[in-house]
Amino acid sequence: MTLAIILFALALGCYLIAVLEDWAVHGRLDPLRPAVSALALLGREQVLPRKSDRLFFEVGPVLLLVAGLLAVAVIPLAPGLIVTDLATGALFLNAALAYVLVALIMAGWGPNGAYAMIGGWRFLGQFVAYAMLIVMTITAVAMRAESLSTTEIVTSQAALWNVFYQPIGFVLFVIAAMGLAWLPPIDLPTGGGDLAGGVEAEYTGARLAVLRLARLVIVLALASATATFYLGGWLGPWLPAWAWTAAKTLAVAAAMLFLGRHLPRLREARYLAVSWKLGIPLALANIILVGVIALVVPI
Amino acid sequence: MNEITQYAVLFSLTLGTVGFVLAIYALARAIGRLRAEPAKDVPATAGALARDPVWVRYHAKYYGYALLFLAFDMEMAFMYPWAVVYREEGLVALLDMGVFLAVLFLGLLYGWSQGALRRQ
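Chains A and B, in that order, give the protein sequences.
Following numbering that gives the first Met the number 0, the numbering of the first sequence begins with 0 at its first residue and continues without gaps.
Following numbering that gives the first Met the number 0, the numbering of the second sequence begins with 0 at its first residue and continues without gaps.
Source of the hints: derived by calculation from the structure; they are not laboratory data.
Just so you know, these numbers come straight off a predicted model, no measurement behind them.
Glycine residues also receive a C-beta, built at the ideal position from the N, C-alpha and C atoms.
Check each hint, because a few of them may be wrong.
[What the hints assert, rightly or not] Stretch by stretch, here's where chain A covers chain B in the computed footprint (C-beta under 8 Å, at least three residues):
id : segment
1  : 2 to 9
2  : 20 to 27
3  : 34 to 40
4  : 52 to 65
5  : 69 to 75
6  : 78 to 84
7  : 99 to 113
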């Protein structure tokens with residue numbers, strides 16, 4: 000029952016994020032557009048590029064979707080409304096999202112097309128830039144909660160949300176999450192107008208539909224992870240718990256989607272330089288700072 | 000739910016996802032098949048086959064970062080258990096990890112000074 004509710008919420012959330020993305024990118028608010036696009040993709044031909052690596056080509060989108068779903072599985076929607084409340088939830092989220100890299104490299108390598116290939120390798124560079132920022136900021140969150148369980152991380156924020164407790168970590172996590180979900184301005188693997196679609200270039204029809212759905216699930220997973228780790232998850236007055244989680248997740252997703260529209264695309268070398276020369280020292284400082292606060296203040 | 004059940008749920012979620020994708024593919028196949036036309040399967044390289052093979056060695060110009068990343072990623076294996084018991088251990092934990100992170104950070108600074116943090 001819980002699983003059914005969460006899967007329904009997931010499907011609804013993905014649909015809303017698709018509507019939001021359409022609004023952010025094209026400036027048109029059309030609640031039916033994602034459904035029409037999905038049906039159109041299903042009706043299209045599925046072309047298999049010549050001399051492709053069939054295994055990698057087929058596994059890429061599926062693995063991406065599995066990674067996104069497993070990440071969502073450890074995010075609580077409300078107390079008790081979680082697929083699996085693992086004791087190592089925050090770590091499991093990392094482990095699941097690590098497969099995004101594997102899936103995108105497979106999707107880039109598989110079709111034997113130049114643009115896809117470059118898109119895949121670019122994402123590897125992007126991974127080296129964002130990965131440490133994600134894990135280091137989550138460490139600081141776990142230090143305060145004294146647990147890696149996502150539900151305990153939420154309850155640890157009852158007195159003060161982490162966004163106020165560790166604002167540096169929040170900013171770093173959001174930037175890294177945008178890199179992980181390849182949202183503009185850090186959308187190097189697809190890079191519209193630059194790589195002719197990049198890893199998406201050779202996918203058509205139902206395979207492209209699965210790839211795009213997987214991307215929406217990953218955006219949702221990261222937005223809800225941000226809400227869980229930094230914005231107090233389901234905590235909030237008046238409204239029921241699930242409504243708070245949903246509202247916070249959609250607000251984070253909308254912020255991430257609309258932010259990218261106003262920024263120029265970042266080159267991979269620039270993103271790497273910024274996150275290693277500025278981001279990682281800041282993330283380490285965040286850990287030390289949270290460590291001192293956690294020892295001095297009992298909340 | 001004990002741990003085995005939790006992982007069983009996650010595993011069945013994985014299998015269910017694969018089944019869902021296969022169902023979508025079957026639906027798309029039921030709607031229509033691919034019409035075989037010449038040159039339809041050429042990858043998107045301006046309509047012509049690439050002159051050179053695509054599967055070649057790609058110069059990973061970020062390898063300096065990648066090597067440093069390995070060191071930092073290993074360090075994270077220690078950080079998670081440390082973070083969970085941090086408040087119990089108190090000041091000792093802060094000092095222990097402070098020294099460890101300081102050494103690692105010096106490594107980052109050394110790598111930076113030697114030009115590891117740039118596009119090679």
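Cross-check of the supplied hints:
1. With 5 residues having a beta carbon nearer than 8 Å to a beta carbon of chain A, the segment 2 to 9 of chain B meets the requirement of three or more and the stated coverage holds.
2. Counting residues of the segment 20 to 27 of chain B whose C-beta sits closer than 8 Å to any C-beta of chain A gives 5, which meets the bar of three, so the coverage hint holds.
3. Interface restraint, the segment 34 to 40 of chain B with chain A: holds (3 residues with C-beta to C-beta distance below 8 Å; minimum three).
4. Evaluation of the coverage hint for the segment 52 to 65 of chain B: fulfilled, as 8 residues show C-beta separations to chain A shorter than 8 Å, against a requirement of three.
5. Counting residues of the segment 69 to 75 of chain B whose beta carbon lies closer than 8 Å to any beta carbon of chain A gives 3, which meets the minimum of three for the stated coverage.
6. For the segment 78 to 84 of chain B, the proposed coverage by chain A is satisfied: 5 residues have a C-beta within less than 8 Å of a C-beta in that chain, meeting the threshold of three.
7. With 4 residues having a beta carbon nearer than 8 Å to a beta carbon of chain A, the segment 99 to 113 of chain B meets the requirement of three or more and the stated coverage holds.
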